[in-house]
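Novice: Just so you know, the sequences run in chain order C and D. In terms of this note's numbering, the first sequence has 62 at position 62, counting the first letter as 1, and numbering is strictly consecutive. In terms of this note's numbering, the second sequence has 62 at position 62, counting the first letter as 1, and numbering is strictly consecutive.
In case anyone wonders, no lab produced these hints; they're calculated from the structure. All the pointers check out, no bait thrown in.
Straight-line Cα separation of at most 30 Å, DSSO-like style, residue types lysine-lysine; simulated pairs:
1. 248/C - 290/C
2. 47/C - 221/C
3. 26/D - 134/C
4. 294/C - 237/C
5. 122/D - 134/C
6. 27/D - 165/C
7. 131/C - 26/D
8. 132/C - 46/C
9. 122/D - 221/C
10. 122/D - 117/C
11. 31/D - 131/C
12. 117/C - 26/D
13. 26/D - 132/C
14. 298/C - 269/C
15. 22/C - 122/D
16. 269/C - 248/C
17. 144/C - 31/D
18. 132/C - 27/D
19. 31/D - 117/C
20. 290/C - 249/C
21. 27/D - 117/C
22. 191/C - 134/C
23. 132/C - 31/D
24. 26/D - 165/C
25. 122/D - 39/C
26. 165/C - 122/D
27. 27/D - 131/C
28. 237/C - 221/C
29. 27/D - 144/C
30. 134/C - 27/D
31. 31/D - 165/C
32. 26/D - 144/C
33. 31/D - 134/C
34. 131/C - 122/D
35. 122/D - 144/C
Here is how the chains run, residue by residue.
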Amino acid sequence: MSSSVSKDIVLQVSNLTKVYGKEFNIGGRTFGRAVVGAKNVSFDVKKGEIFGFLGPNGAGKTTVMRAVLDYLHITGSVTFFGKLDHHRDALLIRENVGYVPGEVALYGNFNGNEIIKYFNNFRPINHEFVKKLKSIFRVDLTLKIGQLSQGNRKQVALIVALASKPDLLILDEPSGGLDPLMAANFHDILKELAEEGITIFISSHDLSEVQTVCNRIAIIKEGEIVLVETIEELKAKFLQKMRIIFSKKEDMPTVEELLSLSTVVSAEKPNGKVRTFLLTIEEDANELLKFVTKFHIKRLSIEDATIEEIFLQYYQ
Amino acid sequence: MVLTQKEESEIRSSHRVSLFNLTIYKKFLRKGWLMAVIPGVVMALFGTLMILIWPEFEEVMSDPAFLELMTSEIYQLLLGGSFDMSTFQGFWSIELYTILEFLMLFLVVFIPVRLISNEVDKNTLDIALSYPIPRWQFLLQKYLVYLTQMFFIPVFLVLSALLGAIPLNETFNNTGLILSGLGWFVLFFSLGAISLLVTTLFLESGRSLAAAGIMVFGMWILDRLSGLVESTKFLQNISIFHYLVPRKILETGEIPLAEFGLVVLIGVMALIGALYIFNRRELAY
Numbered sequence: 001m002s003s004s005v006s007k008d009i010v011l012q013v014s015n016l017t018k019v020y021g022k023e024f025n026i027g028g029r030t031f032g033r034a035v036v037g038a039k040n041v042s043f044d045v046k047k048g049e050i051f052g053f054l055g056p057n058g059a060g061k062t063t064v065m066r067a068v069l070d071y072l073h074i075t076g077s078v079t080f081f082g083k084l085d086h087h088r089d090a091l092l093i094r095e096n097v098g099y100v101p102g103e104v105a106l107y108g109n110f111n112g113n114e115i116i117k118y119f120n121n122f123r124p125i126n127h128e129f130v131k132k133l134k135s136i137f138r139v140d141l142t143l144k145i146g147q148l149s150q151g152n153r154k155q156v157a158l159i160v161a162l163a164s165k166p167d168l169l170i171l172d173e174p175s176g177g178l179d180p181l182m183a184a185n186f187h188d189i190l191k192e193l194a195e196e197g198i199t200i201f202i203s204s205h206d207l208s209e210v211q212t213v214c215n216r217i218a219i220i221k222e223g224e225i226v227l228v229e230t231i232e233e234l235k236a237k238f239l240q241k242m243r244i245i246f247s248k249k250e251d252m253p254t255v256e257e258l259l260s261l262s263t264v265v266s267a268e269k270p271n272g273k274v275r276t277f278l279l280t281i282e283e284d285a286n287e288l289l290k291f292v293t294k295f296h297i298k299r300l301s302i303e304d305a306t307i308e309e310i311f312l313q314y315y316q
Numbered sequence: 001m002v003l004t005q006k007e008e009s010e011i012r013s014s015h016r017v018s019l020f021n022l023t024i025y026k027k028f029l030r031k032g033w034l035m036a037v038i039p040g041v042v043m044a045l046f047g048t049l050m051i052l053i054w055p056e057f058e059e060v061m062s063d064p065a066f067l068e069l070m071t072s073e074i075y076q077l078l079l080g081g082s083f084d085m086s087t088f089q090g091f092w093s094i095e096l097y098t099i100l101e102f103l104m105l106f107l108v109v110f111i112p113v114r115l116i117s118n119e120v121d122k123n124t125l126d127i128a129l130s131y132p133i134p135r136w137q138f139l140l141q142k143y144l145v146y147l148t149q150m151f152f153i154p155v156f157l158v159l160s161a162l163l164g165a166i167p168l169n170e171t172f173n174n175t176g177l178i179l180s181g182l183g184w185f186v187l188f189f190s191l192g193a194i195s196l197l198v199t200t201l202f203l204e205s206g207r208s209l210a211a212a213g214i215m216v217f218g219m220w221i222l223d224r225l226s227g228l229v230e231s232t233k234f235l236q237n238i239s240i241f242h243y244l245v246p247r248k249i250l251e252t253g254e255i256p257l258a259e260f261g262l263v264v265l266i267g268v269m270a271l272i273g274a275l276y277i278f279n280r281r282e283l284a285y
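With these hints in hand, go ahead and build the complete structure from the sequences.
Specialist: Take a look at the structure:
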């Protein structure tokens, strides 16, 4: 790793590759099986940002997160806080990194308060903030973990990870199991923490969550990063949806005419609506607007594609 | 913006790692205190029962026909040697130590294996190890909990023997009794460390239990059965049970230092191996 690393970069991942299992070739026959969990994954997370890691189940999100935390042996490099190597300096890093795994599992015979106290011995908690977290999450911390539902266990794990206000939070699908109200409260907490300068690296397959909280996202597909962009850049770069309602059916273009324009990706008429067109267009709408304004327009609206639509474009 | 050496050292010094934090040991011992008490108390109660029934059995034990039966080679092999049951101490130890040996075979496999495999099965390691505690220390402290639990078994046993003998005006070879207690503890330590080492290799409980069981039960069977035939007696040498026999220590009042040292050494090596492997291995499961 180069010694010239930006101070603003809290986590830098370079060419991270993880292969599970091994294949042997003996006498032309292959034995064993190697599965690529992550391939040449590179990205960085800047101080104070909420960085989303997006991909469906099995895309490699958890592999990358566990590799970053030095649970897996990898090739490539992972650097925290500008200079700390994820393997060599693992203990130093853990003083200031909170983690919530996708499948939360805490000691079943401890109650919530005991869990918080137990982990406080390793990374001191911020008592004021814990009070606030307790009031927001409203999980009964006097109950044993084994008596709690999966959603409530997730809440305890989030309290524990956030309690010390570490410099970096690594959260693997943190809102899975939370009800919508709780998830919204949790998103507010994340935004507050980011405003305080805490960096958050969050994986999710909940696209609306990513759109709500993240500043930047990376999309991972079959173990490879296919895109790293800010939410705004991403939306600007991708398709937009246009809905046009013409005033008269005698004075409007045909679907074929619209499709002949270079910026129009798709054009259709919803069932039963003679004067309405739904178009998917590329970034530059000028050509289309020049064309449609030749006709008498009753109503026109343009919307950005949602993260869901962008995501699906990558995955289809 | 580039980090200077000073800024780098500031980042490092702001991250302080406590190298000796016994939180894990204390917490898990508190949660597992029953395991520290129950086996020892059960053995102590059983030992007291043996002491109390001794007056009824004294005559039977001195019966030449019964003593003749005890000289059977197979019986001696199963017990791990030739022992005199006609004395108070012999009667007590032959019953208690045989039961404790079978109990030990299960405890030294199940408890050390489950120290880690249970965490792997329940997925609790991911959060536990995301805190600044060295993995080897995490494992060592959990193993110390096991050792503490096992420590109470010989302690309760010895205390119950010493106290139980007083009303009957019987005596033990006190030095032998205490040294045999030490022998038991060393066996718990070394066999437990072997099971722990096996667990760090496999992590998952099914395979770990099977492998540790084969190791421990295999050594016990080798020690007992290979002695039946002269040509296979050498196999006893690869069993820990062959080197340290608490019943013999009780009888002779002496601990064989070389053998004792060997068993301790095997345990220490296995423990160091387990800590090293767990510290370095990847947690892919």
